[in-house]
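Visitor: Okay, here's what each chain looks like letter by letter:
2 protein chains.
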Amino acid sequence: MTEPLHEARPPGAGRTLPDTQQGMRRRNLARVMHAVSAAGSLSRAAVASRIGLTRAAVSTLVDDLIRWGLLEELGPERPGRVGRPGSALAVSARGPAGIGAEIGVDHLAVCAVDLRGEVRARAVRRGTNRGRAPEPVTQELTALIRQVVAEAERAGLWPAGLAVAVPGLVARDGHTVVRAPNLDWHDTDLGPLMPGRWPLTVDNEANFGALAELWLGAGTPGDFLHVSAEIGIGAAVVVDGRLLRGTRGFAGELGHMPVRPDGPPCPCGGRGCLEQYAGEEAVRRAAGLEPREDLVGLLAERAEEGDEGVRAALREAGTALGIALTGAVNLLDPETVVMGGALAGLSPWLLPSLETELSGRTAGPACPVKVSRLGPQGPLLGAAHSVVRAVLDDPAVVAQRA
Amino acid sequence: MTEPLHEARPPGAGRTLPDTQQGMRRRNLARVMHAVSAAGSLSRAAVASRIGLTRAAVSTLVDDLIRWGLLEELGPERPGRVGRPGSALAVSARGPAGIGAEIGVDHLAVCAVDLRGEVRARAVRRGTNRGRAPEPVTQELTALIRQVVAEAERAGLWPAGLAVAVPGLVARDGHTVVRAPNLDWHDTDLGPLMPGRWPLTVDNEANFGALAELWLGAGTPGDFLHVSAEIGIGAAVVVDGRLLRGTRGFAGELGHMPVRPDGPPCPCGGRGCLEQYAGEEAVRRAAGLEPREDLVGLLAERAEEGDEGVRAALREAGTALGIALTGAVNLLDPETVVMGGALAGLSPWLLPSLETELSGRTAGPACPVKVSRLGPQGPLLGAAHSVVRAVLDDPAVVAQRA
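Chains A and B supply the protein sequences, listed in that same order. FYI, the numbering for the first sequence is 1 to 402, going by UniProt numbering. FYI, the numbering for the second sequence is 1 to 402, going by UniProt numbering.
Think of the hints as simulated: they come from the structure by calculation, not from any bench. Take these hints with a grain of salt, some might be off.
Note that the list lumps identical chains together, so a pair holds whenever it fits in one copy or between two copies.
Unchecked claim - Pairs of lysine to any residue residues, derived as SDA-like cross-links and limited to a Cα-Cα distance of at most 20 Å, are as follows:
{"hint": "1", "residue 1": "370", "residue 2": "240"}
{"hint": "2", "residue 1": "370", "residue 2": "175"}
{"hint": "3", "residue 1": "370", "residue 2": "248"}
{"hint": "4", "residue 1": "370", "residue 2": "360"}
{"hint": "5", "residue 1": "370", "residue 2": "290"}
{"hint": "6", "residue 1": "370", "residue 2": "247"}
{"hint": "7", "residue 1": "370", "residue 2": "176"}
{"hint": "8", "residue 1": "370", "residue 2": "222"}
{"hint": "9", "residue 1": "370", "residue 2": "242"}
Based on the provided sequences and hints, a complete structural model is requested.
Guide: Okay, here's the thing in structure tokens:
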């Protein structure tokens with residue numbers, strides 16, 4: 001009797017699905033989907049034993065899921081087993097798909113992911129979006145989306161939703177970009193600018209990157225702090241497998257943690273923020289490089305070649321990251337810190353000084369730091385998978401579409 | 001279709017109660033308790049309409065709750081209403097009670113709180129526990145607990161559980177004090193040292209203080225950062241009405257957030273941690289005072305009298321708190337910051353410089369700072385209420401005791 005004492009609300013108060021017979025059925029549909037999804041393929045009997053329902057109850061649920069195109073039967077299981085042969089079930093490779101899109105500072109990207117988690121179509125356009133108005137950017141993005149959707153539809157898929165990753169803060173309404181400094185967008189509602197045919201979610205790229213790490217990162221636990229960078233430095237906090245969003249949806253602003261409180265002024269109004277030491281622009285200046293596209297690639301290349309100026313700049317950035325992360329780790333006690341986005345590619349030169357700060361400033365064992373294998377792909381994949389997850393988590397929502 | 005996209009786990013995966021008919025019944029029992037508790041008194045029909053169940057279903061649940069001693073009937077409602085008169089229900093003032101206990105650096109305290117949330121018995125012993133071994137301290141505490149329980153029992157209450165607040169880090173097992181620097185306790189399992197008759201939970205005083213603020217603080221929202229101090233500086237993060245505990249149970253270590261990374265060394269291994277500027281010891285030294293008990297009282301008294309040395313020391317502490325809180329607020333985006341514990345009493349002299357830092361370093365409106373009205377009472381009340389909440393959240397657990 002330890003944890004239950006701290007349940008601050010009546011059990012169930014935070015759930016999406018109502019606590020009725022119908023809600024229970026919807027949750028059980030989700031359990032079936034997740035059980036089959038986790039196993040790859042599974043008989044009805046195996047599903048029943050895994051989720052603790054009767055074979056009869058599971059069969060009713062499975063029949064609906066097959067009718068909606070979410071599960072498919074792989075044919076009878078191999079003979080030789082005792083009892084009536086059951087047909088193995090698998091998550092359908094046709095049917096609903098998640099459409100993920102990314103508005104990057106230097107690129108646009110779109111992909112379609114099926115319920116099995118496989119990328120089935122993809123399109124990318126390189127070129128800066130810095131300072132461009134939202135309309136032309138979203139028009140280009142819409143063209144890419146139509147191209148990817150057409151390709152997905154030819155493969156028997158249909159979009160269950162569209163999720164867009166942006167390099168900025170997004171309001172909790174899930175479609176308004178409150179502030180994207182590197183695009184120079186403010187209070188931009190993407191709702192009217194994106195195709196209206198599918199449910200839309202817009203979120204910060206760091207959030208989608210963290211969700212991708214949670215869902216796709218091998219061995220990533222359910223409690224971690226995900227640090228990423230495109231131009232600015234963002235973070236996302238995952239607790240018990242859930243993203244911590246904050247009251248306004250602005251949680252994760254690690255880039256404006258004061259590292260040296262009397263340091264250089266920051267556009268945010270503060271002084272000595274982490275971005276003044278470890279942001280792309282700060283590192284570029286410290287390394288004595290000119291502004292250019294794909295600065296991260298250049299930094300990695302130069303550091304690899306042994307350029308001492310670049311290496312020193314990255315060391316300094318690692319130190320600043322380590323100081324900021326010490327504060328974050330003390331506050332959150334995550335199981336691990338994951339370096340994603342552009343930081344993943346620079347980690348060989350950032351990590352040593354980062355870890356020196358983190359371990360030197362911590363009583364007891366320091367929080368381990370892990371480098372994301374998804375790197376810059378994280379936000380796009382996280383966006384597409386967020387749609388897929390929504391279907392797996394509440395399969396009944398697609399009933400009317402199927 | 002915004003938030004559901006981000007549900008990282010199948011709905012219900014995080015719940016305590018199983019998703020079965022029996023689990024549903026237990027959750028509905030909790031709904032009835034919370035509905036009556038929130039309203040003060042309520043007829044069966046009003047309960048049914050508030051929680052969306054039929055009158056018949058509610059009556060069955062209510063009968064059990066009355067039988068277990070959790071609800072009582074106040075007699076028929078006043079006449080003049082249309083329909084058959086219903087008997088108003090209220091949460092029982094007899095039956096289960098929460099026993100809260102606090103091991104402070106300078107005191108021990110125990111109280112009993114009934115299901116209505118009223119303190120029905122209380123005992124305090126002043127005197128330092130600094131450097132004392134766990135055994136004599138817990139023996140004294142046990143004597144106080146027996147005294148409070150005896151008084152509660154005379155009032156028709158029985159202890160549903162015991163919750164103990166400690167000034168240190170507690171493992172997620174809920175009974176081992178990993179580190180309580182000001183008591184000099186390390187890896188102390190309180191399980192065998194406390195009376196074994198009741199379910200035991202041990203937690204950090206900052207956590208219990210935050211829970212008290214959540215449950216009892218008028219107008220406190222469900223997302224806040226609670227900052228408190230006894231000797232060290234602790235914080236607790238409440239998100240969506242739940243305490244964020246961290247992987248090891250160590251979340252909330254705001255005191256070791258680096259404020260000036262090259263500042264004075266801290267026993268934690270770091271440099272320039274918040275505690276080096278805003279901890280009781282640091283403020284005492286900066287104010288030029290000798291060590292003594294109830295330093296906070298003395299600081300408040302001197303500041304009130306206009307002692308410029310003390311005021312300057314508190315101003316500096318407020319600045320350091322503001323720097324650390326800027327980082328925390330950027331990371332968590334809470335709705336408010338609540339100053340509790342000893343900080344509440346010093347807030348008139350801490351807040352101006354704290355708020356200057358917080359607003360000066362934040363883009364957009366600064367996170368509001370609120371002073372807790374519970375102050376030093378928070379941890380003890382939070383402990384006792386955590387037991388009460390556990391009963392309200394799953395009333396069926398007391399069925400066999402009643």
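Visitor: Would you mind marking each hint as holding or not holding in the structure?
Guide: A quick look at each hint next to the structure:
1. In this homomeric assembly, residue 370 and residue 240 come within 20 Å of each other (Cα to Cα) only inside a single copy, at 18 Å, whereas the closest approach across copies is 28 Å.
2. Neither within a single protomer nor between protomers do residue 370 and residue 175 lie at most 20 Å apart by alpha-carbon distance, with minima of 31 Å and 31 Å respectively.
3. In the homo-oligomer, the alpha carbons of residue 370 and residue 248 lie at most 20 Å apart only across protomers (18 Å), although the nearest pairing inside one protomer, at 29 Å, exceeds that limit.
4. Proximity of residue 370 and residue 360 under a CA criterion of 20 Å is satisfied intra-copy only: 18 Å inside one chain copy versus 34 Å between copies.
5. Taking the shortest alpha-carbon separations for residue 370 and residue 290, neither the intra-copy value of 30 Å nor the inter-copy value of 46 Å comes in at or below 20 Å.
6. In this assembly of identical chains, the alpha carbons of residue 370 and residue 247 lie at most 20 Å apart only when taken from different copies (16 Å versus 28 Å within one copy).
7. Proximity of residue 370 and residue 176 under a CA criterion of 20 Å is satisfied in neither setting, with 32 Å inside one chain copy and 29 Å between copies.
8. In this assembly of identical chains, the alpha carbons of residue 370 and residue 222 lie at most 20 Å apart only when taken from the same copy (14 Å versus 32 Å across copies).
9. Taking CA atoms no more than 20 Å apart as the test, residue 370 paired with residue 242 passes inside one copy only; the shortest distance there is 19 Å, against 28 Å between copies.
Going down the numbered hints, you'll see the structure goes against 2, 5, 7, while the others check out.
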